[in-house]
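Sequences listed follow chains A and B, in order. Counted the way this note's numbering counts, the first sequence spans residues 167 to 408. Counted the way this note's numbering counts, the second sequence spans residues 65 to 311.
Treat the hints as calculated values from the structure; they're not laboratory data. This structure is a prediction, so every number in the text was calculated from the model and none was measured. Among the clues, some could well be false.
Claimed, not checked - Within a straight-line C-alpha distance of at most 30 Å, the following computed DSS-like cross-link-like pairs (lysine-lysine) qualify:
1. K232/A / K242/A
2. K242/A / K264/A
3. K274/A / K309/B
4. K303/A / K209/B
5. K272/A / K141/B
6. K102/B / K232/A
7. K181/A / K309/B
8. K143/B / K264/A
9. K141/B / K297/A
10. K143/B / K191/A
11. K242/A / K224/B
12. K303/A / K309/B
13. K143/B / K297/A
14. K309/B / K232/A
15. K309/B / K237/A
16. K274/A / K209/B
17. K181/A / K264/A
18. K309/B / K272/A
19. K224/B / K297/A
20. K143/B / K229/A
21. K264/A / K190/A
22. K190/A / K232/A
23. K97/B / K264/A
24. K181/A / K191/A
Said to hold, decoys possible - Partner residues are not named here, just some residues of chain A that face chain B (Cβ under 8 Å, in silico):
25. L218
26. N234
27. T238
28. A269
29. L271
30. K274
31. Y301
32. L305
33. M321
34. N322
35. L408
As the list claims (entries may be wrong) - Here are the computed distance ranges between Cβ atoms for each label pair:
36. D296/A / P240/B: 49 to 55 Å
37. K401/A / T154/B: 39 to 45 Å
38. T154/B / H179/A: 26 to 32 Å
39. A223/B / P203/A: 36 to 42 Å
Positions of the beta carbon are idealized from the N, C-alpha and C atoms, including for glycine.
Below, each chain spelled out in residue letters.
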Amino acid sequence: MIEVRDLRKSFNHGKLEVLKGITKKIETGEKVAVIGPSGSGKSTFLRCLNLLEEPTGGEVFFKGQKVNDAKTDIDKLRCHMGMVFQHFNLFPHMSVMKNITLAPLKLKIASSDEIHERALSLLRRVGLEDKADAYPKQLSGGQKQRIAIVRALAMNPEVMLFDEPTSALDPEMVGEVLQVIRDLAEDGMTMLIVTHEMGFARDVASRVFFMDEGVVLEDTDPERMFSSPSSDRAKAFLSKVL
Amino acid sequence: MAAATGDSMENIINAVASWFESFGHELWLNFIKDNRWKYLLNGLGTTLQITVLAVFVGIFLGCFVAIVRTTHDQTGKLKFLNGVCKLYLTVIRGTPVMVQILLIYFGIFASVNVPKLLVAVIAFGLNSGAYVAEIFRSGIMAVDKGQLEAGRSLGFSYAKTMWHIIMPQALKNILPALGNEFIVLLKETSISGYIAMDDLTKGANTIRSLTYSPFLPLVAAALIYLVVVLILQAGVNALERRMRKSD
Numbered sequence: 167m168i169e170v171r172d173l174r175k176s177f178n179h180g181k182l183e184v185l186k187g188i189t190k191k192i193e194t195g196e197k198v199a200v201i202g203p204s205g206s207g208k209s210t211f212l213r214c215l216n217l218l219e220e221p222t223g224g225e226v227f228f229k230g231q232k233v234n235d236a237k238t239d240i241d242k243l244r245c246h247m248g249m250v251f252q253h254f255n256l257f258p259h260m261s262v263m264k265n266i267t268l269a270p271l272k273l274k275i276a277s278s279d280e281i282h283e284r285a286l287s288l289l290r291r292v293g294l295e296d297k298a299d300a301y302p303k304q305l306s307g308g309q310k311q312r313i314a315i316v317r318a319l320a321m322n323p324e325v326m327l328f329d330e331p332t333s334a335l336d337p338e339m340v341g342e343v344l345q346v347i348r349d350l351a352e353d354g355m356t357m358l359i360v361t362h363e364m365g366f367a368r369d370v371a372s373r374v375f376f377m378d379e380g381v382v383l384e385d386t387d388p389e390r391m392f393s394s395p396s397s398d399r400a401k402a403f404l405s406k407v408l
Numbered sequence: 065m066a067a068a069t070g071d072s073m074e075n076i077i078n079a080v081a082s083w084f085e086s087f088g089h090e091l092w093l094n095f096i097k098d099n100r101w102k103y104l105l106n107g108l109g110t111t112l113q114i115t116v117l118a119v120f121v122g123i124f125l126g127c128f129v130a131i132v133r134t135t136h137d138q139t140g141k142l143k144f145l146n147g148v149c150k151l152y153l154t155v156i157r158g159t160p161v162m163v164q165i166l167l168i169y170f171g172i173f174a175s176v177n178v179p180k181l182l183v184a185v186i187a188f189g190l191n192s193g194a195y196v197a198e199i200f201r202s203g204i205m206a207v208d209k210g211q212l213e214a215g216r217s218l219g220f221s222y223a224k225t226m227w228h229i230i231m232p233q234a235l236k237n238i239l240p241a242l243g244n245e246f247i248v249l250l251k252e253t254s255i256s257g258y259i260a261m262d263d264l265t266k267g268a269n270t271i272r273s274l275t276y277s278p279f280l281p282l283v284a285a286a287l288i289y290l291v292v293v294l295i296l297q298a299g300v301n302a303l304e305r306r307m308r309k310s311d
């Protein structure tokens, strides 16, 4: 579903190279956890996939179509790639319901009735049906992030990108958000998730990328990743976080 | 002693009474006689016309310039337009509005016959637009960068994200500053007399030149400005309360 070839990204006119050539292929239904120390390029990698960061080298493909091509209608591709941010980024001037339905309605992906029905059923699914008329400011961090997930899902995406979805949450709220992502994974959603929750990565992921200094150092199943990592760098990292 | 006190009391009462009498005469002379109050009323009408139309021009121009400037800053596109906008801001903000309106009236529109109202609206609109542009730009920049990313990640174009997500939040942020700018604009129109327009200030001055009263006509004009500003302020406050609904 997603393929990257020799993906490179540098900032400040090449002075700071964050991604140093990544070549990967992610199939439909895979759940990829991206782990690694901070500054290793995990988030940048994820953000290059839907072009929130413009790669400075290499190619990104989504369902066979080149993403980083001037001729590609990136807005159309992004409709099929949901994204969830560390800081939720809910629209503060809109109610929860409007947050969820804004993009589907304006981009006319379905009839108004269908969109509202879908929004309600998604809200029910994350247990926040009663918050439809609330404003983001009235919600807890965990609730905000669940709404943000629902907002992305309302567009009916084929892949979900999670950029550290629990890093800005109070510890007691991490569980409720992870549960929503876990349910989504069990439903078969293709997803990439940048995370520091190692237990979650081990349980939910079908594949783990360990990134360090702009490259994917290890690409393996979670079992092997967490029991017998092959690189010293990964061993050192895991001994510190586990 | 008692008689003296009675005398001075009488003097004071007499003085007050004669002051009231002359004040009444002044009022009559300045506003009633020959329907002179019409100078003020018609002047107010002109002032409001110029202000309201210039506000629209200013908002439109300012919004446009601010969007060009931020689009350039965020995406690197629109290089040429951005240069034009920067020049516009520099020239307008770097020169007095008085000089600008005289230049537009006597310089640019000297040989063509255009209504003076149009000249004033163009001059004050152009001027206000420059300040509104920077107000809008500060409002847009104050919106968290994550909002733009969230909008784009949902499939919205840059323009759609701006319109549906960034601008409403920016507008809320800048409402007090915007209200302030319009108050300033209203008062700046008091120089319209220099291009021979009969605005409120000019009206008051006309009465003064007829009656030689140094205070009353101008104080009356000042009071009218004050009342209009208060009404404007109440309007902005009401709008602000409505927009704070989501807090």
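Regarding the pair K272/A and K141/B, is the alpha-carbon distance no greater than 30 Å?
Holds: K272/A and K141/B sit about 25 Å apart, inside 30 Å.
Does the Cβ distance between K401/A and T154/B fall inside 39 to 45 Å?
59 Å, violated
Can the restraint linking K181/A and K309/B be considered satisfied, given a maximum Cα separation of 30 Å?
46 Å, violated
Keeping to a limit of 30 Å between CA atoms, is the pair of K224/B and K297/A held or broken?
Status holds; Cα separation ~26 Å.
Distance restraint between K143/B and K191/A, which requires alpha-carbon spacing of 30 Å or less:
38 Å, violated
Cut-off 8 Å, beta-carbon criterion: hint that M321/A touches chain B
At about 6 Å, which falls below the 8 Å cut-off, the nearest Cβ of chain B leaves the hint on M321/A intact, so it holds.
Is K274/A close enough to K209/B, meaning Cα to Cα at most 30 Å?
25 Å, holds
Satisfaction of hint between K297/A and K143/B, Cα-Cα up to 30 Å
44 Å, violated
Is the shortest C-beta separation between K274/A and chain B less than 8 Å?
With Cβ-Cβ at 11 Å, over 8 Å, it is violated.
Is it true that the CA of K102/B sits at most 30 Å from the CA of K232/A?
At roughly 71 Å apart (the allowed maximum being 30 Å), K232/A and K102/B break the hint.
For the hint on T238/A, does the least C-beta distance to chain B fall short of 8 Å?
13 Å, violated
Minimum beta-carbon distance criterion (8 Å), L271/A to chain B
10 Å, violated
The earlier numbered hints that this structure contradicts are 6, 7, 8, 9, 10, 13, 14, 15, 17, 20, 21, 23, 26, 27, 29, 30, 32, 34, 35, 36 and 37.
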